[in-house]
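For the protein sequence lines, the chains are A and B, in the order given.
Each residue of the first sequence is one higher than the last, beginning at 1 in my numbering.
Each residue of the second sequence is one higher than the last, beginning at 100 in my numbering.
Hints were generated in silico from the structure; no laboratory data involved.
Just to be clear, a hint being listed does not mean it is correct.
[To be verified] Cross-link-like lysine to any residue pairs, in silico, SDA-like; alpha carbons within 20 Å at most:
#	chain 1	residue 1	chain 2	residue 2
1	B	Lys188	B	Thr176
2	B	Lys188	B	Arg120
3	A	Lys69	B	Glu184
4	A	Lys69	B	Thr176
5	A	Lys71	B	Lys188
6	A	Lys39	B	Glu114
7	B	Lys181	A	Lys55
8	B	Lys181	A	Gly70
9	A	Lys39	B	Ser185
10	B	Lys196	B	Leu239
11	A	Lys71	A	Lys55
12	A	Lys39	B	Glu180
13	B	Lys196	B	Ile232
14	A	Lys39	B	Thr113
15	B	Lys300	B	Ala122
16	A	Lys69	B	Tyr173
17	B	Lys181	A	Phe35
18	A	Lys39	B	Asn178
19	A	Lys39	B	Val182
20	B	Lys299	B	Val182
21	B	Lys151	B	Ser275
22	B	Lys181	A	Met72
23	A	Lys55	B	Ile111
24	A	Lys71	B	Asn178
25	B	Lys125	A	Ala40
26	B	Lys125	A	Lys71
27	B	Lys196	B	Leu137
28	B	Lys181	A	Arg95
29	A	Lys39	B	Arg118
30	B	Lys251	B	Glu180
31	B	Lys188	A	Pro31
32	A	Lys55	B	Ile112
33	B	Lys125	A	Gly29
34	B	Lys125	B	Lys188
35	B	Lys129	B	Ser252
36	B	Lys181	A	Thr45
37	A	Lys39	B	Glu184
What follows is the residue order along each chain.
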Amino acid sequence: MNETVKSFQPLDPLLHSELRLAVMSVLLGVPEADFVFLKAQTGATSGNLSVQIDKLEQAGYIEVTKGFKGKMPQTICRITDQGRDAFAAYVEALRSYIS
Amino acid sequence: MENLSAENSLRIITETLERSRNAIAKNTGKPLILWGALVTLTSVVIWALWAKSGSPMWNMLWFAMTIVGAIGTYFMTRNQEKVPESEPKRILGCVWKWFGFFAIGLYVLLWVTALILYAQGNESVVTINLSLILSLMMGLCGAISGAVMKMKSVTAAAVVATILAVLLVLLVPNGSPLQILSFAILGVVALIVPGVIFQKKTAK
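If we strip away everything but chain A, and leave its shape as in the complex, we get (with noise of 0.2 Å):
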């Protein structure tokens, strides 16, 4: 008898998350983007999104720079290659579970 075993793939901890996979997302399609266009694409509040930025940089997923513009505080985040290939991988391993 021929039994096919259906392998999926483990699913990246850091990106199977609502807001971080959105914050991903939004970043991929952009050379970068400030705190504030995320907020609004995402729709999570301040807190949340400062705490999932600060997972997703700490991971290497992303690149942080705080600074000023004008008067008013500036945080701009961009992805890295390492978030990237991570995105592609995420992505491939979410099609073991679909196909």
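Given the coordinates of chain A, assemble chain B onto it according to the supplied hints.
Below, chain B alone, put in the same frame as chain A:
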């Protein structure tokens, strides 16, 4: 780890990408509509004044149009939501900015050389068909805009506008005020129409 299904993860990725892409592309068409309206209006006004007075000096109104356009663009974009600049949008801005620099530069260069030659007592100056050159440049920029934004209808509009504009320039006698109307054609077909298409597409 959150209890997130694979389908939900894919949905989040797709929806977020789409939403942020639309937010970035929003308002891309507005400057094109503004500049298209200005180019069309200015060319019609210059044609009318030139035909009535017989003086090509009315072409100086192009400089006034550039200033009005720059001020208009500033006020139009000042209160818009700040969004990251996507690569296509950056290329689009560069293409039209450099068209502007080349058009104004060429115009200034022609006037300066004509004045120098005239001051030297040389009454016959080298003339080139500026309407033809600028129509081709403008049509090319319009076609590139469509290609960059992956909108075939915009590229097609630019090609049609260029053919019509070049035909007009070639069919009327050189130096006739009518040649200036080639920019009215390009303004409507290569700027206003693509601008409206961009706006409609990104408003969805």
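Results for each hint:
1. B:Lys188 with B:Thr176: holds, 14 Å
2. B:Lys188 with B:Arg120: The hint holds at about 11 Å.
3. A:Lys69 with B:Glu184: holds, 16 Å
4. A:Lys69 with B:Thr176: The given pair, whose Cα atoms are some 17 Å apart, holds under the 20 Å limit.
5. A:Lys71 with B:Lys188: The hint is violated at about 27 Å.
6. A:Lys39 with B:Glu114: At roughly 15 Å apart (the allowed maximum being 20 Å), glutamate 114 of chain B and lysine 39 of chain A satisfy the hint.
7. B:Lys181 with A:Lys55: Violated. Lysine 181 of chain B to lysine 55 of chain A sits at ~25 Å, over the 20 Å cutoff.
8. B:Lys181 with A:Gly70: The given pair, whose Cα atoms are some 14 Å apart, holds under the 20 Å limit.
9. A:Lys39 with B:Ser185: holds, 18 Å
10. B:Lys196 with B:Leu239: Status holds; Cα separation ~13 Å.
11. A:Lys71 with A:Lys55: violated, 27 Å
12. A:Lys39 with B:Glu180: holds, 13 Å
13. B:Lys196 with B:Ile232: holds, 17 Å
14. A:Lys39 with B:Thr113: At roughly 17 Å apart (the allowed maximum being 20 Å), threonine 113 of chain B and lysine 39 of chain A satisfy the hint.
15. B:Lys300 with B:Ala122: holds, 12 Å
16. A:Lys69 with B:Tyr173: Between lysine 69 of chain A and tyrosine 173 of chain B the Cα gap is close to 18 Å, so the pair holds against 20 Å.
17. B:Lys181 with A:Phe35: holds, 11 Å
18. A:Lys39 with B:Asn178: Judged against 20 Å, a Cα distance of about 19 Å means the pair holds.
19. A:Lys39 with B:Val182: holds, 12 Å
20. B:Lys299 with B:Val182: Cα-Cα ~19 Å, so holds.
21. B:Lys151 with B:Ser275: Measuring from Cα to Cα gives roughly 12 Å; hence the hint holds.
22. B:Lys181 with A:Met72: It holds: about 14 Å lies between the C-alpha atoms, which stays within 20 Å.
23. A:Lys55 with B:Ile111: Holds, at about 19 Å.
24. A:Lys71 with B:Asn178: Distance of about 18 Å is within 20 Å: holds.
25. B:Lys125 with A:Ala40: holds, 14 Å
26. B:Lys125 with A:Lys71: Since the Cα atoms of lysine 125 of chain B and lysine 71 of chain A sit roughly 27 Å apart, the hinted pair is violated (cutoff 20 Å).
27. B:Lys196 with B:Leu137: holds, 15 Å
28. B:Lys181 with A:Arg95: Distance ~35 Å between lysine 181 of chain B and arginine 95 of chain A Cα, so the pair is violated.
29. A:Lys39 with B:Arg118: Holds, at roughly 13 Å.
30. B:Lys251 with B:Glu180: Not satisfied, since the Cα-Cα distance of roughly 28 Å exceeds 20 Å.
31. B:Lys188 with A:Pro31: Holds, because 12 Å separates the two Cα atoms, which is no more than 20 Å.
32. A:Lys55 with B:Ile112: Status holds; Cα separation ~19 Å.
33. B:Lys125 with A:Gly29: holds, 15 Å
34. B:Lys125 with B:Lys188: Holds: lysine 125 of chain B and lysine 188 of chain B sit about 10 Å apart, inside 20 Å.
35. B:Lys129 with B:Ser252: Answer holds: lysine 129 of chain B to serine 252 of chain B is near 17 Å, not above 20 Å.
36. B:Lys181 with A:Thr45: Measuring from Cα to Cα gives roughly 19 Å; hence the hint holds.
37. A:Lys39 with B:Glu184: holds, 17 Å
Of the hints listed earlier, those the structure fails to meet are numbers 5, 7, 11, 26, 28, 30, in rising order.
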